[in-house]
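J.: Single-letter residue listing:
Number of protein chains: 2
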Amino acid sequence: MDRRSFIKRAGVAGAFTVGTAPAVHAQTTVRWRLAHSFPKSLDTIYGTAETFAKLVGDMSGGKFTIQVFAAGEIVPALATLDGVQNGVIECTHTASNFFAGKDETFAFNGIPFSLNSRQMSAWMFDGNGLKLMREFYKTQGVINFPMGNTGAQMGGWYRKEIKSLEDLKGLKLRVSGLLAGEVYKRLGVVPQTIAAGDIYPSLERGTLDAVEFSGPFDDQKLGFYKVAPYYYYPGWHDGSPQLDLLVGLKAYDALSDEYKAILAAAATHAHVVMQARYDARNPTALRQLVAAGAKIQRFPQEVITAGYREAMALFDEISARNPNWKKVYEDYARFRADLNLWFSIAEASLDQFTQAQRR
Amino acid sequence: MDRRSFIKRAGVAGAFTVGTAPAVHAQTTVRWRLAHSFPKSLDTIYGTAETFAKLVGDMSGGKFTIQVFAAGEIVPALATLDGVQNGVIECTHTASNFFAGKDETFAFNGIPFSLNSRQMSAWMFDGNGLKLMREFYKTQGVINFPMGNTGAQMGGWYRKEIKSLEDLKGLKLRVSGLLAGEVYKRLGVVPQTIAAGDIYPSLERGTLDAVEFSGPFDDQKLGFYKVAPYYYYPGWHDGSPQLDLLVGLKAYDALSDEYKAILAAAATHAHVVMQARYDARNPTALRQLVAAGAKIQRFPQEVITAGYREAMALFDEISARNPNWKKVYEDYARFRADLNLWFSIAEASLDQFTQAQRR
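Sequence order for the protein chains is Z and C. Letter by letter, the first sequence follows residues 21 to 379 of the numbering used here. Letter by letter, the second sequence follows residues 21 to 379 of the numbering used here.
There could be a bad hint or two in this list.
In this list, chains with the same sequence are indistinguishable; a pair is considered to hold if it fits within one copy or across any two.
Claimed, not checked - 16 Å max Cα-Cα, derived EDC-like pairs, lysine to aspartate or glutamate:
#, residue 1, residue 2
1, Lys280, Asp78
2, Lys315, Asp78
3, Lys315, Glu93
4, Lys74, Asp277
5, Lys246, Glu181
6, Lys192, Asp218
7, Lys192, Asp78
8, Lys189, Glu330
9, Lys180, Glu224
10, Lys60, Glu181
11, Lys346, Asp358
Think of the hints as simulated: they come from the structure by calculation, not from any bench. Because the structure is a prediction, the values reported are computed rather than measured.
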């Protein structure tokens, strides 16, 4: 049976069966490849892409399949956007601020002193966030879907205690994120870019003084507490990093309306699941880290305040030179001010009370 | 063409076309009815069900349709669970604690001093929450899906200022939730059950002293600020109410695996969208309420502390007499303690700092 006659026949069958008997839902088989920017060992992030891909398969009866590859398997971790743009892969699950060197506008998934996780979802799903970011991504040949968040992270592991802003001066800190690195540089830190596997030996040797990586669940695996026991909070450098699913527009536009809807819903489901995994698993990791000798400390207030001042100055500088950034940031900043006002009332006062209880 | 021969033919076509040409995705046409427990006027809640139903339709190419009816249209607001259990409707979008009179275990979507919105999602999607609640719902002939949250609400509108716990004594308060009502009763309040439309005139006449309803966006529509201007926070009576999609097991079990996956993903998408809508829209409503004369005040600390003490005592009493509740509550309470410890570190310290800024 050729394609044309099959579809015609299916249509006839459908006309006979609407309402009671099986109808035909003709869908093209689609096979995509997703290149991840993170390794399998970071199972909370990597597993989010697997959750997403499985759900797309389940919803389409196995007709729309997405094969997930870890960082470096088919595309290098930091080249997955290029892979999508070149059509080597159809999509990537990534931290978009990896690509801020191309245009700072990529960084809105996680900037210093960002919206928190829930506020970011509000900006994306009911504010102008998704609309504005999609306008930008369209110029890149890509469509974006929010797909996970870690929530607020820790601020990093330090070999020596930080008692003042002065103590940061000259420290070699491995920190992720172009904007975070720039802010730390303005505080006197010497930001370092080091591959994950080289961090521990560098800390041990003392050629690195500190590392910002993630939160308890991820950090525990890398053993930093043994050589840099001071574990600072909060992770203001990147308040609540969102992960994104980036899909090539050519591949996306070729999908049926059903598959487009399936893709979006699967991404949102994975978005919720990733945050849930971090939230549910960080507490146990934190307890175990403390039991193993990690010293949990809050950054001195002057460090946080100086970081905030430099971050806001940097954002204004970028606004003055990058119209793509400016357009998004104006909306983002207004939304941030509005939501912080509201969250500081009911949400924060209840959180503060219940968190002070130990039951 | 009868069903059997059609499916057989479709299978042959599929074998010819895998990988390149259209394959057949045979799906029965399914038509469901959803009865809502809320009116259309509460568009943030009601609209969540519409978002859900539209997405199910979009993902199934219009084959799986869910028609949404407002509270009272085909089933009374508080009888939607019965409607699902009797098979009058296939599903409902509701606040499950409405049904706590049947068994207190229904109330875990929103109890006093609950998990916050993000923690609740963590318990549901990665902790034991969904598993435990589904065990309970199964005994009720129902399967549940988290589908929305309002976040922390306000504590209510009062005609007179509340300066102490003593000021609550004898006050007639309209409050939703069986458990919340019981806790307020132990604080000396006389809880009232009044239909939404009767609240305003009762406050105006003074036959009602106060009303707990929702948060700024919902409350603004009802105009309470004109007759009861003291607007208290936080809404500790029901820390972060989750809405649920409850589906009759008979209807659910009849779905194909694809439709089951579509149902779950659409519910999760709607779950995110509802919280986003409240978060994005509450700030403007709050500003407008303040401009119109609402006086925003925090409950006196002794009111919150006494509420907490009575809530914990009540939960222990229910544990002693209701094994369904006890099984779930033990896990819930352990999770709450763990997450509050972790959230009090990175998340809360960053939130507190950024919320104190006004930019």
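J.: For every hint, state whether the structure bears it out.
T.: Evaluated hints:
1. Lys280 - Asp78: Both: 15 Å inside a copy, 9 Å across copies.
2. Lys315 - Asp78: neither (45 Å within a copy, 51 Å between copies)
3. Lys315 - Glu93: neither (36 Å within a copy, 59 Å between copies)
4. Lys74 - Asp277: between (19 Å within a copy, 13 Å between copies)
5. Lys246 - Glu181: within (14 Å within a copy, 55 Å between copies)
6. Lys192 - Asp218: Result: close within a single copy only, 14 Å intra versus 65 Å inter.
7. Lys192 - Asp78: Neither, since 47 Å and 52 Å both go past 16 Å.
8. Lys189 - Glu330: within (15 Å within a copy, 51 Å between copies)
9. Lys180 - Glu224: Answer is within; shortest intra-copy Cα gap is 12 Å, inter-copy 63 Å.
10. Lys60 - Glu181: neither (32 Å within a copy, 57 Å between copies)
11. Lys346 - Asp358: neither (18 Å within a copy, 40 Å between copies)
When the structure is compared with the earlier hints, violations turn up for hints 2, 3, 7, 10 and 11 and for no others.
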